[in-house]
Every structure is written in C-alpha cells, then in structure tokens.
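Colleague: Top line first, the protein sequences correspond to chains A and B.
Under the working numbering, the first residue of the first sequence carries the number 154, and numbering increases by one thereafter.
Under the working numbering, the first residue of the second sequence carries the number 60, and numbering increases by one thereafter.
No lab work stands behind these hints, which were simulated from the structure alone.
All the pointers check out, no bait thrown in.
Derived contacts from chain B toward chain A, CB cut-off under 8 Å, selection only:
#, residue
1, 183
2, 681
3, 682
4, 684
5, 726
6, 734
7, 740
8, 742
9, 744
10, 745
11, 747
12, 748
13, 801
14, 802
15, 803
16, 806
Sample of chain B residues with no beta-carbon within 10 Å of chain A, all distances over it, derived:
#, residue
17, 106
18, 273
19, 313
20, 502
Just so you know, these numbers come straight off a predicted model, no measurement behind them.
From the three backbone atoms N, C-alpha and C, an ideal C-beta is built for every residue, glycine too.
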Amino acid sequence: MEAFDYVAPRTLDEVYGHLNNGKRTLFMAGGTDVIVQLREGRRECDLLIDLKRIEQLTSYAFDSEGTLVIGAAAPLARIYEDVDVRRRLPGLVDAASLIGGIQIQSRASLGGNLCNASPAADSSPALIALGATLVIASVSGRREIPVEEFFLGPGRNALEPGELLVEVRIPAQPPRSGTRYLRFIPRNEMDIAVASAGVRVQLAPDSDTLESVRIALGAVGPTVKVVDVTSLAGRTADSATIEEAGRLAAEVATPIDDMRGSIIQRRKLARVLTIRAMEGAIERAKEIR
Amino acid sequence: MTTIERPAYKVIGSRPVRPDGVEKVTGKAQYAADPRPQGVVFGKILRSPHAHARIVSIDTSEAERHPGVLGIVTAADFPQAEDKVQDLGEGAVNLRELSDNILASEKVLYRGHAIAAVAAASPHEAEAAAQKIRVEYEVLTPVTNVLDAMREDAPLLNETRHTKMMGGQHSERPSNIAAYNQFKAGDADAGLAESDLVVEREFTTSMVHQGYIEPQSSTASWNADGTITIWTSTQGAFVVRAQVAEVLRIPVARIKVIPMEIGGGFGGKIPIYLDPVAALLSKKSGRPVKLSMNRTEVFEGTGPTSGTVISVKAGAKDGKLHAVQATLRYEAGAYPGSPVGAGAMTMLAPYDLEHVEIHTFDVVVNKPKTSAYRAPGSPAAAFAMESVVDELARTLKIDPLQFRLNSASKEGTKQVTGVPFARIGNEEVLNTAMTHPHYTAPIEGPYRGRGVASGYWFNGGMQSSVVVAVNPDGTVNLVEGSTDIGGTRASLAMQLAETLSIPYDAIRPIVADTDSIGHNDVTGGSRTTVASGMAVYQAGQDVIREMSSRAARLWSVTPEDVSYEDGVFHCLKDSTKELTFKELAAQGARTGGPIAGRASLVARGAGGAFGTHIVDVEVDPGTGKTTILRYTAVQDVGTAIHPSYVEGQIQGGVVQGIGWALNEEFVYDENGRMLNSSFLDYRMPTALDVPLIDAVIVEVPNPGHPYGVRGVGEVPIVPPLAAIANAVADATGHRFTQLPLSPRRLIEELDGGD
Ligand SMILES: Cc1cc2nc3c(=O)[nH]c(=O)nc-3n(C[C@H](O)[C@H](O)[C@H](O)COP(=O)(O)OP(=O)(O)OC[C@H]3O[C@@H](n4cnc5c(N)ncnc54)[C@H](O)[C@@H]3O)c2cc1C
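Okay, chain A solo, but in the shape it has when bound (with noise of 0.2 Å):
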C-alpha cells in the first residue's frame, strides 16, 4: 500500500472541489471494502476523499409520499434497526441485516455496497425489486436512474468522473405487496453470496392472484439480472405458478464456475432461491401490516 491524502469534507461543495483535478480519488463511505482493496493493492489513489461527516449522506428519513430517502453513506446498522424501516420494509432489512456482521453493518453502507458494483452485493436485488431509484449528483447537477441501470460489469458502475452517489431512494411499497431477499452461503455468515435473488409480489385485491411480480437475482451474472415476469401477472399464486417463476429465473442466469461456486449450482440456487424468496414474497404480502 502506497501513502496517499486523506480528507473528510462536510458539505457536497468542498467534495467538488476536490474533484476534477488529475489526482487519482477514491470515495470512503464505511471503507469496508475501499480500505481492503487498498491494502491488498487492488487498488490505488492520490487521495480518499471520507464522506461521512457529511449529514446529508450519513441520514435517511421517509418523505412526506412515504418514500425512504436514505444517504448513501449511512451505516446500514442504522438503518435495518429502524422500527419504521423494519415494520414497512422488511425486503431491505433481509439485505442490509446480512451483510458482513455486526461490526461491518456499523460502517458499511448502502452506497459503497452498491458503487463497489460486486455481482454478489446484497443490497442490489432487493433494492432491485423495491423499485428503487439512486440519486448521482456532481458540480453541475443530479440525475437520478433507476437501481437495475447503475451496474455495467463488475466492479463497474454508471458514475461519470467528477459524479458521486447521494441518495437512494425506496418509493412507498403498493398495496397488498411483499418482498423478500435470500442469498444462498455455505456458512451461516461471512461469506459472499454463491448466488441471490430478491423477489416482490403484489397481489390483487383477492388475495390469490399475482398483479404484479419483480424478481432481480444477484451472482449469476456480471451484474444483477432482471427476470422478466410480465407473464406472472394476472396468475394464481399457487406453486405452480412459483415453480414457473424458478424456471424463468433458472433461465436468465448465466453464472459462471469459480471457486466460490459452480455453474450447476448456482443456475440450480437460482431456481431454489427465487421460489423460496417468493414464497417469503406473498406470505409478506398477505400480512397485514
């Protein structure tokens, strides 16, 4: 690991001003992954630019149309014991409640989770199929795109030089709807995920059939895929129809064999995990909360 320059702004202006001047920056949200990639010389920078004494990126708050308005740098610890984020949101406590242990989930935050663009990263499924959207500003403005568009490769994300992630933004759930997260590890913690899926369902007003389904699976590809569902909607919700969603699942994943994990079982994972997480799904979706 080569020295480098440490600075820890406290507002979005000074970070700009940082930026865009030749030195090779890196941001640190939690460090949990920056600091290790540095130290491994994965990777290196002139300067680290710390951005958690910046309020607006370390707080999260529910907006007056209920969406969750949450920083992207604030611990995920933080989040997930939030009675609020726990009682409306449970899809992402599933995610944010799994990642590393106690000690990590104090630092670690959603924004570095998602700019680190792992295809094994937990929070992208379930934030996937939350609908959630990310804010990106920089010097000139913001642009805010949905989740599924952020990721280009692994370790590749859809920041422009001189951008960074600010918000992530989770919109009030739908009615009768229920999300459930689920990653397969062959230990019962620290571990990356072989392979994921996160899966909601909204159900019609009767309770038995499916209005609407979204299901993005992380691990089996180089960035989270989307399984496109549309011909769910509009079925009962029975296991037939979960079956189906597994087989469509089993389908778009085109994993590949690593020592973490083979293409056999992982392609199976992908079956098993998006019926076991959409069982979780409707069972959620039929509580009443």
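Given chain A, work out where chain B with the ligand should sit, using these hints.
Modeller: Showing chain B with the ligand alone in chain A's frame:
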C-alpha cells in the same frame, strides 16, 4: 462421565481459573508480534509467484537502493545445511530441505515459496523494496495432485530423488514418490475371499490448514557478542533453537529463544519459517528485525496437512471386521514427510482383526511442505476406513456401533505394527456411546441422518524438564518449558498441587525461555499434560523428599522418620511434632537454604486413546447445505485433570473436523495457484455453523502415568470426517467418498443440479 476406580483426588478433576486467563482476556498477554526491542526494524519476504520453477538469477541491486532498506538476504546467505534428518517431536525433518523451504536456493517448489527477504525502517518500505528484487525464473510444469505426481511421466520436483523402499533400498528411476512402505499381518487376500461381505471404495481428501488465528511472527536480534535472541510464536522453543542452530550452523548455546503466548498451532507451529531469516536480517542490518506473515502468506507459505487418495477393501465375517487391504497415498507437499505412516498405523486401531495389508506412499507435489496437524495422518485414514466400516455394518443390517463393538480392539490386541495394546478404553467408549441418550433418541424427518465413527491417536511422551522452587511463604514456582496452548499451565499446576497436597492457587507456573530450563520437546502429540505432568509429579516427590529431610533436621530424626500427608509433615517418632507445608517452607533458610525439586525425563507409556462420535445432520436438497443438528463426542481421556479444558479440547477438535468435512479445502488453479488464501474463501466454521458439542468424558486411567492421564487434544479431530460423511449417507442415501462435503459437491453428485 465414567470413572473407573479413581482415587480421591483433591485438585485433579476440579475446574479452577487458568493462571494465564486474566492476562489473555484483558489483552495484556504478549504474543509474537508484540515485542518491540529498542531499534526494531521490519522485514518482508519475497515469495514465488510460480508453483514450480528453476531460479535462474536473483538481482537485489535495485531493492538495495530503495529508501529505508537496511539489509537483504537470500538462500546464498545460509551456510550449506547438512543433509541429515532431525526429529521434531511430531514428524522429522531433513535439515537441507528445511533450509531450502525457508529460502529457496535452486528451485521454487510451490507458489508462496520464500526466495528473499528485506529489512527496512518501515513495513511499507520493506514491502516496496521486496517488489524490486528481480528474480528470473525458468517456469516448469507443476504437479499439484497426488495421483498425477505418482505417474511415471510426471514432472519431477527433484530429479535426484528416488523412492525409498522398505528396508532402505531405493527405486531405480527417480520419482515423486519419496517413500513406499507396507504393513502386513495374516493373509488379506484369503481373508477377503472368505468374508461374508466385501466393500471396496476409493476416498479423496483435500489439503487443509490448521487455521490458527495468529499468523507466524518472529523478532530476532543478532547481538554484538554474537548471541542471538529470538521472540517467536512456536509450539516448542527448544526445537526452534535446534532448527535455527542447524540452519545457520551456529551452536545452540549462542541462541536464546523466548516463546511468546501462542494464538494456536495445532502442529503448524513446530517447523520454522521466519526465525533464521529474521536473525540473518538482523546480522546484516545491525538492528533487531521483526518478520510477520499475513494470512495469505500463512496459507501459501506454511505447512498444512496432506491431501490424500485412499483405497480400502474390507471384508466382514460373522458380524465382525475380518480383513482389510488398503493403499494410502498422501501428499507431502514440496518435500518428503507426509504423515502417511501414522495414517496406516491408526486406521485399524479400533479393531481386532486377523488379516491386514496396507501400502503407503509419501508423494511430493508442488504445494507447501505439509506439517503436523492435530493427529497428523489419522483423520483422512479414519474417514476412509470408518466410511467402509459403516457401509459394511449397514449392508449387514448390524447397528454400526455394535459392529464396532463386535470387532473392538482391547488390551493385548496386536496393532498393525505388531505391538500389542496396553490398557485402552476403546470398548468403554463404544459402550458409553451406545447407551448415550443421543444414540438412543430416534432421528426422524426427510433428509435427516445419523452417523457414527471411531478414531484413535497414539499420544506422545518425549522429553520434559521442570524445576520446582518453594518460596518462604509456602507458594511454589513451577518453571517449565512447554508452550501453553490448551491450558497446560493449569493442568501442570494442578498435578503439582495434587502431588504436594497444597492449594492450586499456591502454584505459579512459568513457561521459561531456552536459557532458563532444561530441554523440553514441543507441545505436540498431546504430550504436555502427560509428560510434563510426569515430570511435575517427580519434581513434587523430589520436593517432598527434600522437605522431609529438612523436617528431620529440625526434629533431629532421620528422614525416614518423617511422613507427609495432606499437607502436613509428621514426626513418626513423636506425634506432637508436625509442620504444615507452609510452616516448613518458612524454615528454608535455617535448614539448609532454598528448597527446590527437579525432574528431567523421557516419558514412556503415554497411553493411546479412542473417541467415538455421534452426529445428526440435515441436508437441504435445494442448496446442498449440511446442517449439524446434534453432535456428541465420547472420548477416553484417562483422567481429566481439568475437565473444562478437556471438554474444550474435544469441542475444538470436533469443530476443526466439521470444517474439514464440510467446507475446508485448498483450491488450486491449473498453474498451481491457490485461489482461496483468505479466511473469507477458506471456509472454516464460524460460531453460527456448529451446535453445542456434547463432550462426554470417559476415564480409563493410563497405567503408565502417575495420575492416569492420556493425551486429549488430537483424538477428537479423528472421527468427525467419517461420522459426518456417514450421517450424510444416512440422510441422502448416497455415499460420498470425496471431501469436503460442500454444498456444491452435494448438489452436483445428488442430482446434477436438477
Ligand atoms: C468481513 C467482510 C464481510 C463482508 N460481507 C459482505 C456481505 O455479506 N455482502 C456484501 O454484499 N458485501 C459484503 N462485504 C463488502 C462490503 O462490506 C459491502 O460492500 C459494504 O456495503 C460496502 O460499503 P462501505 O460503505 O464500507 O463502502 P466503501 O468501502 O466505503 O466503498 C466501496 C466502494 O464504493 C465507492 N463509494 C462509496 N461511497 C460512494 C459514493 N457515495 N459515491 C461514489 N462512490 C462511492 C468507494 O470508492 C469504493 O470504491 C463484506 C466486507 C467485509 C470486509
């Protein structure tokens, strides 16, 4: 707990707090990376990126000019080590190969093989400078698998190595097979032919690591007077001293090794890696030098245990094990010396059978040189043998524990070496397991299953030396030389307290450096509580003899007229005269000076021990994941000196066995590069992966020990591999013969992913 005619001990069997406990839980204990002698600088090792290559040249000139650099060493700085074998306690080592393993001279034999080292003012400068050492390699084809390495056309790690055959002859052709051996009794072919049922299978296990939490670290100071001081993490300071002396060719008298507290070893901290390098860097730089490994270096550059391929053909007759033919092929790593012999000598220990034929192959491969790991060689062999025994019993519809009991070895049973067993507790362990509530409870539900397996370890004796000094206030200093890994300060202090009939709290155990006590062999082979315990007992007797003569002097009688009982010296000539231990201790100065006792010995009769484990598992057919539902480990420990630490040893062994069975493996690519050299991807079990392990202590006292102690620490890692595989076979109906039983393997073998 089964207690067989156990004397009424006062201290033994109680559960006091360990003497080193407070320092450790408050973070004050000093580990190997902690000492910072005045002027210390930092070293970094340059390691081979290739698994197999000839070193054409090493150019250090650019690195020498890097800011902060104070010295660089390569193998050229080592004196030519002798081509001779030294016994390290758990395994022997050829000193030239040891030297070559510490810094490669002509060839690199595995990725991570150390080549050179730099000392610099800061760790970052050392790291950057090491990258500037230019090494030119002629890259060779690596061979990383035991079966590939045994082929006649395999690339050779050493063109001059020939297979050492039984009786000392060598093979004609050079080979990666470093040694071949066989064990024979009866007529295995005939025995198999007359068996009622024969099962034949081939088993594979992967290379696995001990996974101690503390990476190797060594700080060395080459002093102005030519002496060397070394602070290091080791299982045996004297063995470090001996190895450093041999590698550097300097007398042991000039080397002082200070053993620091140790963050785990499990056999992996017997060989040396850093110590002589740090010493030479210190000589060159004129400063004390600290060398520490990171986790990747530990995985790639230290000794794990062998991957194996084991074939077993076993026959049962009249409901008993009757004949076994087996071939054991163990990876030694880069240099010869796998524990294949121990595998052969332990795998049939639980059985009394007539016909045995075992062939063993010690095979070099382009992976790190293996070192001892908890019961070295035994777990993989037990995995193979106990899986086959399970299959025989189930096919014959005999309860698998009953089948083992029908075939059980006992006192007098001949081992495969021909040596008969002394008193052993195999049958007691099996009986305890059979009647345990875990075994009698039903196991129900889909994809749930139960497995059992037995395991054996010899346990070691070897050399120990202790000094016991009595303080005037009646407390006692116990000076010993064994690294305390599993609570041996406590277990030795307890045995001394028992011998001296004084309270445990009155004893201060001290683990001394190599200048301060006689030679002690490593804390390994489950020997310390046994062998240093014998020494402590004898030293205690020595103290009592000495104090009896002091009392005799005070009372003007002969020492024979003094008796010692329950902490009180009595005058047999005058019943009004008595002195407590404490009172007499205060009389030291008046009766002839300080009171001390000592003992030095080679411990014999260490006492082998057996364990039988019962495990319930549930397999998730959707993900292939195996969950351990319940685990019971029954083990004969001779006498449990401190039952909590005995239970801790048993539980720890089981946890490592669970890791080995379910997820742990060194994963290599085709170029011999390890792909999972981190704790993230080398998947040892976490606290959430194991249930509470019920350790059931059986006590069949070892007749060879004053308190009946048998070694405890190694036996419990032997049965889990097979017990879990047997449980998974019960749960899924499929017999797995390859470890680990990872979710990936289960998915692929069970249903091909459908
Ligand atoms: C022991 C351990 C266990 C882990 N377990 C998991 C796990 O189970 N699941 C999982 O998904 N991950 C896991 N991780 C990875 C990591 O913890 C997560 O990805 C975490 O969410 C990263 O958040 P962070 O705030 O620490 O990111 P940082 O390390 O601070 O940043 C990550 C990357 O994003 C960039 N970045 C951060 N914030 C911004 C921003 N606002 N705008 C632009 N770029 C930004 C940084 O420059 C960096 O490249 C684990 C890591 C460790 C060390």
